[in-house]
Amino acid sequence: MTDTTQHALRELDRVVIRFAGDSGDGMQLTGDRFTNVSALFGNDIATLPDFPAEIRAPAGTLAGVSAFQIHISDHEISTPGDAPNVLVAMNPAALKANIRDLPVGGTLIVNVDSFEDRNLAKAGYAENPLHDDTLKGYTVYEVPMTSLTIQATSEIGAKPRDAERSKNFFALGLVSWIYTRPVEPTLEWIKQRFAKNEQVMNANLLAFKAGYNFGETAELFESAYEVKPSTHLPGTYTNITGNTAMAWGLVAAGQLAKLPVFLASYPITPASDILHELSKHKNFGVRTMQAEDEIAAAGAVVGSAFGGHLGVTTTSGPGVDLKAETVGLAISLELPLVLIDIQRGGPSTGLPTKTEQSDLLLALFGRHGESPLPVLAASTPAHCFYAAIEAARIALKYRTPVILLSDGYLANSSEPWRIPDVESLPAIDVPFATEPNHDGPDGTRLFWPYLRDEATLARPWAVPGTPGLEHRIGGLEKEDGTGNVSYDPANHEKMVRLRAAKVAGIATDISPVEVDHEDGAEVLVLGWGSTYGAIAAGVQRTRARGRKVAQAHLVHLNPFPPNLVEVLRRYRKVLIPELNLGQLSKVVRADFLVDARSLTKVQAQPFKAAEIEQAILECMQ
Amino acid sequence: MSETAVPVTTKKDWSSDQEVRWCPGCGDYSILTALQMLMPELGVRRENTVFVSGIGCAARFPYYMNTYGMHGIHGRAPAIATGLAVSRPDLDVWVITGDGDALSIGGNHLIHALRRNVNLTIILFNNQIYGLTKGQYSPTSEVGKVTKSTPFGSVDQPFNPISLALGAEATFVARTHDMDRKHMMETFRRAHDHKGGAFVEVYQNCNVFNDGAFEQITSREARPQMLIPLEHGKPIRFGPDGGRGVVLDGQGRAKIVDVAEVGEDRILVHDEKRDEPGLAFMLSRLAKGPFEPTPVGVFRAVDRPTYGEAMQHQLVDAQQRLGPGDLTKLLHSGATWEV
Numbered sequence: 043m044t045d046t047t048q049h050a051l052r053e054l055d056r057v058v059i060r061f062a063g064d065s066g067d068g069m070q071l072t073g074d075r076f077t078n079v080s081a082l083f084g085n086d087i088a089t090l091p092d093f094p095a096e097i098r099a100p101a102g103t104l105a106g107v108s109a110f111q112i113h114i115s116d117h118e119i120s121t122p123g124d125a126p127n128v129l130v131a132m133n134p135a136a137l138k139a140n141i142r143d144l145p146v147g148g149t150l151i152v153n154v155d156s157f158e159d160r161n162l163a164k165a166g167y168a169e170n171p172l173h174d175d176t177l178k179g180y181t182v183y184e185v186p187m188t189s190l191t192i193q194a195t196s197e198i199g200a201k202p203r204d205a206e207r208s209k210n211f212f213a214l215g216l217v218s219w220i221y222t223r224p225v226e227p228t229l230e231w232i233k234q235r236f237a238k239n240e241q242v243m244n245a246n247l248l249a250f251k252a253g254y255n256f257g258e259t260a261e262l263f264e265s266a267y268e269v270k271p272s273t274h275l276p277g278t279y280t281n282i283t284g285n286t287a288m289a290w291g292l293v294a295a296g297q298l299a300k301l302p303v304f305l306a307s308y309p310i311t312p313a314s315d316i317l318h319e320l321s322k323h324k325n326f327g328v329r330t331m332q333a334e335d336e337i338a339a340a341g342a343v344v345g346s347a348f349g350g351h352l353g354v355t356t357t358s359g360p361g362v363d364l365k366a367e368t369v370g371l372a373i374s375l376e377l378p379l380v381l382i383d384i385q386r387g388g389p390s391t392g393l394p395t396k397t398e399q400s401d402l403l404l405a406l407f408g409r410h411g412e413s414p415l416p417v418l419a420a421s422t423p424a425h426c427f428y429a430a431i432e433a434a435r436i437a438l439k440y441r442t443p444v445i446l447l448s449d450g451y452l453a454n455s456s457e458p459w460r461i462p463d464v465e466s467l468p469a470i471d472v473p474f475a476t477e478p479n480h481d482g483p484d485g486t487r488l489f490w491p492y493l494r495d496e497a498t499l500a501r502p503w504a505v506p507g508t509p510g511l512e513h514r515i516g517g518l519e520k521e522d523g524t525g526n527v528s529y530d531p532a533n534h535e536k537m538v539r540l541r542a543a544k545v546a547g548i549a550t551d552i553s554p555v556e557v558d559h560e561d562g563a564e565v566l567v568l569g570w571g572s573t574y575g576a577i578a579a580g581v582q583r584t585r586a587r588g589r590k591v592a593q594a595h596l597v598h599l600n601p602f603p604p605n606l607v608e609v610l611r612r613y614r615k616v617l618i619p620e621l622n623l624g625q626l627s628k629v630v631r632a633d634f635l636v637d638a639r640s641l642t643k644v645q646a647q648p649f650k651a652a653e654i655e656q657a658i659l660e661c662m663q
Numbered sequence: 114m115s116e117t118a119v120p121v122t123t124k125k126d127w128s129s130d131q132e133v134r135w136c137p138g139c140g141d142y143s144i145l146t147a148l149q150m151l152m153p154e155l156g157v158r159r160e161n162t163v164f165v166s167g168i169g170c171a172a173r174f175p176y177y178m179n180t181y182g183m184h185g186i187h188g189r190a191p192a193i194a195t196g197l198a199v200s201r202p203d204l205d206v207w208v209i210t211g212d213g214d215a216l217s218i219g220g221n222h223l224i225h226a227l228r229r230n231v232n233l234t235i236i237l238f239n240n241q242i243y244g245l246t247k248g249q250y251s252p253t254s255e256v257g258k259v260t261k262s263t264p265f266g267s268v269d270q271p272f273n274p275i276s277l278a279l280g281a282e283a284t285f286v287a288r289t290h291d292m293d294r295k296h297m298m299e300t301f302r303r304a305h306d307h308k309g310g311a312f313v314e315v316y317q318n319c320n321v322f323n324d325g326a327f328e329q330i331t332s333r334e335a336r337p338q339m340l341i342p343l344e345h346g347k348p349i350r351f352g353p354d355g356g357r358g359v360v361l362d363g364q365g366r367a368k369i370v371d372v373a374e375v376g377e378d379r380i381l382v383h384d385e386k387r388d389e390p391g392l393a394f395m396l397s398r399l400a401k402g403p404f405e406p407t408p409v410g411v412f413r414a415v416d417r418p419t420y421g422e423a424m425q426h427q428l429v430d431a432q433q434r435l436g437p438g439d440l441t442k443l444l445h446s447g448a449t450w451e452v
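Same order as they appear, the protein sequences are chains A and B.
So the first sequence is residues 43 to 663, counted in my numbering.
So the second sequence is residues 114 to 452, counted in my numbering.
Just so you know, the hints here were simulated from the structure itself, not pulled from any lab data.
Be aware that a few hints might be false.
[Unchecked claim] With a cut-off of at most 25 Å between alpha-carbon atoms, the simulated DMTMM-like pairs for lysine to aspartate or glutamate come out as follows: (1) B/125 to A/521; (2) B/442 to A/633; (3) A/300 to B/422; (4) B/247 to A/530; (5) B/308 to B/362; (6) B/401 to B/362; (7) B/124 to A/660; (8) B/125 to A/315; (9) A/324 to B/430; (10) A/324 to B/422.
Here the structure is a predicted model, which is why all the values come from computation and not from measurement.
Can you build the whole structure from these sequences, using the hints too?
Right, dumping it as structure tokens:
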């Protein structure tokens with residue numbers, strides 16, 4: 043492969059690239075590869091995969107467009123970028139669906155071969171946009187990717203139809219040249235990934251090299267660009283998605299608690315990858331069960347928790363609704379379990395592959411009866427690892443179901459993660475009951491399953507197989523202490539209040555909310571969940587204008603950190619950005635009588651930093 | 114688990130201190146007694162025994178057993194018990210359910226627990242009525258059943274629980290009834306000793322909302338004429354002096370005949386170990402309802418690996434292949450780089 047010295051090499055501090063094509067074009071794979079090579083190179087990265095719910099929507103249509111946006115930088119970044127600087131469009135539909143996001147002056151690289159009548163018509167273009175002034179203001183590179191790929195692969199006798207499928211690697215090669223990405227890791231990856239099919243492996247290698255060399259020799263591009271490695275804290279890094287981090291966090295929680303992990307789930311987008319990932323790690327003693335439905339998955343987890351395992355179920359969208367009854371049972375049984383909700387656009391089936399934060403009120407209140415439970419939310423892909431451990435810790439210590447919220451954006455996007463020293467992770471102490479805990483009237487020692495720990499209000503966890511502690515629990519109201527069925531009115535009120543007090547008391551056992559404060563700041567931006575990156579970027583932009591603003595981000599949403607009330611009172615204005623219609627702000631207003639201002643967005647896409655910045659500035663007026 | 118000998122126990126040891134609150138005269142009492150009397154004979158420990166139930170009259174059962182127990186939510190007992198049984202293969206897990214619980218709201222969980230062959234003993238109290246909600250028709254009520262919710266008679270076809278379990282390819286399927294303690298104990302013992310998902314339908318009288326539903330076949334006088342005992346390896350005969358029997362007709366259907374008319378040689382010999390469930394299914398269709406001669410006993414008892422065992426094998430296999438889990442290794446298993 044030739045070097046790039048004959049071209050000018052320009053330095054960029056950051057760039058946002060979006061690959062867009064048909065869902066059969068392999069755009070997610072291309073984006074993923076570009077991400078990994080950039081991460082290995084040492085850039086800071088943030089990604090935003092965006093794909094349709096249909097596995098293969100009709101080729102060439104707008105509905106079938108799949109895109110992957112990646113932000114690479116030589117400094118710390120927290121979002122996949124508000125808008126791309128470069129759009130790679132593999133067909134007219136990809137152009138049409140994405141061009142509105144490309145700011146004027148942006149770079150557009152199109153696969154010109156696909157701009158023929160049929161595809162233009164499918165995308166709804168009456169005229170070829172490459173031939174009129176539709177793309178005025180953009181730097182457009184028309185590259186015959188399909189034909190060059192076919193040409194490049196003809197030497198190994200690939201049929202044009204098969205060869206064409208390698209064109210995403212041509213695009214990857216070309217963009218790799220433009221941004222001076224190292225080549226070897228991708229070549230090596232192609233060899234491993236397609237080892238089982240030599241023909242495909244060779245076609246992809248040739249296409250990739252052809253794309254790279256095209257950039258070098260075609261003299262179409264004035265220069266290549268360089269984005270230098272970012273200065274991270276020293277350590278070993280890996281690129282990780284939220285779902286993988288979540289799965290690894292669950293494995294870690296099992297190890298830290300010295301309990302076997304039992305995961306039962308029903309396949310649902312975008313949560314399924316956690317089931318897939320955990321299913322690989324049976325050597326950790328992790329049992330995974332693909333249940334017959336969402337309800338059974340939750341039920342099986344309750345059963346495993348009764349048996350003394352760390353029970354987890356993962357789901358999304360309507361799956362959360364279906365599990366509500368079983369979660370209520372776990373609240374009444376006071377057994378630990380973790381329900382992970384990868385939020386997606388709703389209501390109903392909604393937008394299965396797109397992100398939203400609209401399940402907060404459901405997590406907090408979505409069960410009949412007085413049924414409080416701890417709720418947590420992960421804020422970045424890597425944070426999912428720590429959030430899973432924290433959710434398990436609370437569940438096990440307080441013998442309660444815990445809902446951990448992630449979302450479609452966190453699930454699939456990735457960031458570099460400094461791998462922690464396993465020794466530094468805190469052990470989770472799980473004391474099973476082994477002895478009777480109460481004296482009967484005649485002096486015999488008895489086991490009372492609802493005799494609580496005075497400090498935590500948790501009830502003892504006695505697992506079957508322990509002699510002398512045989513007991514019955516159930517969803518009927520039970521008598522304080524003995525756990526026997528009780529319809530006594532005063533006892534019911536006592537139990538309702540005890541269960542609520544137990545959950546509320548967890549506030550003393552969680553980290554206070556940290557505030558990124560600036561002296562003179564009068565506006566606090568309060569967020570939760572996956573909006574962390576966009577809010578941090580919006581706050582930075584505001585500060586870059588010389589304006590003072592504070593930021594705080596909640597991980598614990600029930601109970602809230604005990605210092606939250608004091609933090610809220612410290613600022614004249616509180617702005618709460620959420621990807622819903624104002625769910626946290628409703629709770630904050632109700633709980634703290636704070637006149638919080640809500641910034642909401644429900645476009646199934648993350649916030650842009652500019653949107654946050656603008657809202658902060660408006661708040662300051 | 115203790116290595117010492119299983120202590121000798123009596124019925125009393127297996128009875129909890131809770132007052133039994135079924136209606137006086139309910140068939141559930143005799144089932145409870147049969148199980149409490151059977152437990153000391155099974156050679157099992159109280160601490161390793163768990164009763165799991167859903168919702169309904171039958172579902173109160175775990176409260177009355179001095180073992181571990183969980184009174185769950187409507188229909189979900191097989192799912193809860195599945196999670197427990199596969200997490201803890203050392204336990205003896207029983208599911209107590211009713212016709213509404215198992216076949217209506219929990220139908221999905223029942224068939225999947227059976228097809229997976231989870232190591233559970235599932236006892237279905239079939240009284241053909243909703244008792245706890247005070248008398249609506251159930252998925253086993255006969256067509257035309259007049260109840261509070263069907264004042265003009267029900268119009269939906271009932272399930273035959275035995276046919277359903279066989280259709281789900283349960284590895285153990287049996288039927289007994291609440292008027293015969295000895296038969297119940299023997300059937301429950303077989304079900305308990307079976308490795309895998311064992312399903313037992315118990316014809317159970319609800320004396321308040323559906324009194325006498327099974328009287329035509331289960332009363333002491335009717336039994337010899339109306340109950341067809343299934344015994345492995347023996348010709349299927351019933352009636353005084355075994356005068357009646359079951360044959361397969363030319364169309365491959367099971368049919369009741371007079372033994373004298375067709376000759377003893379033609380009488381079907383019961384084979385509960387037949388891998389193919391078709392013949393057992395045919396037997397389950399012999400009676401259109403509890404007013405015709407009805408087979409009782411074990412329809413099917415075959416060996417198949419249990420779900421929990423298979424899951425356990427995969428864990429052991431993975432540990433042998435990959436070594437015990439190493440968290441540090443896992444966290445470094447993707448592409449990594451140093452800064």
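- [ ] Starting from residue 442 of chain B, check that the Cα of residue 633 of chain A is at most 25 Å away, please.
- [x] violated (44 Å)
- [ ] Below or equal to 25 Å on CA atoms is what counts here, so check residue 124 of chain B against residue 660 of chain A.
- [x] With Cα atoms ~76 Å apart, residue 124 of chain B and residue 660 of chain A exceed 25 Å; violated.
Open item on the list: Between the alpha carbons of residue 125 of chain B and residue 315 of chain A, is the straight-line distance 25 Å or under?
Closed with: violated (50 Å)
Task: Given pair status - residue 430 of chain B, residue 324 of chain A, alpha carbons within 25 Å - done: Between residue 324 of chain A and residue 430 of chain B the Cα gap is close to 9 Å, so the pair holds against 25 Å.
Task: Restraint check for residue 125 of chain B with residue 521 of chain A, where alpha carbons must lie at most 25 Å apart - done: Judged against 25 Å, a Cα distance of about 24 Å means the pair holds.
Open item on the list: Please verify whether residue 401 of chain B and residue 362 of chain B have alpha carbons no more than 25 Å apart.
Closed with: Between residue 401 of chain B and residue 362 of chain B the Cα gap is close to 18 Å, so the pair holds against 25 Å.
Open item on the list: Between the alpha carbons of residue 324 of chain A and residue 422 of chain B, is the straight-line distance 25 Å or under?
Closed with: Between residue 324 of chain A and residue 422 of chain B the Cα gap is close to 14 Å, so the pair holds against 25 Å.
Open item on the list: Please verify whether residue 308 of chain B and residue 362 of chain B have alpha carbons no more than 25 Å apart.
Closed with: Violated, because 34 Å separates the two Cα atoms, which is more than 25 Å.
TODO: For the pair we were handed, residue 247 of chain B and residue 530 of chain A, check the Cα-Cα distance against 25 Å.
DONE: holds (23 Å)
Open item on the list: Does residue 422 of chain B sit within 25 Å of residue 300 of chain A, going by the straight-line distance between their CA atoms?
Closed with: holds (22 Å)
The structure fails to meet hints 2, 5, 7, 8 from the earlier list, while all remaining hints are met.
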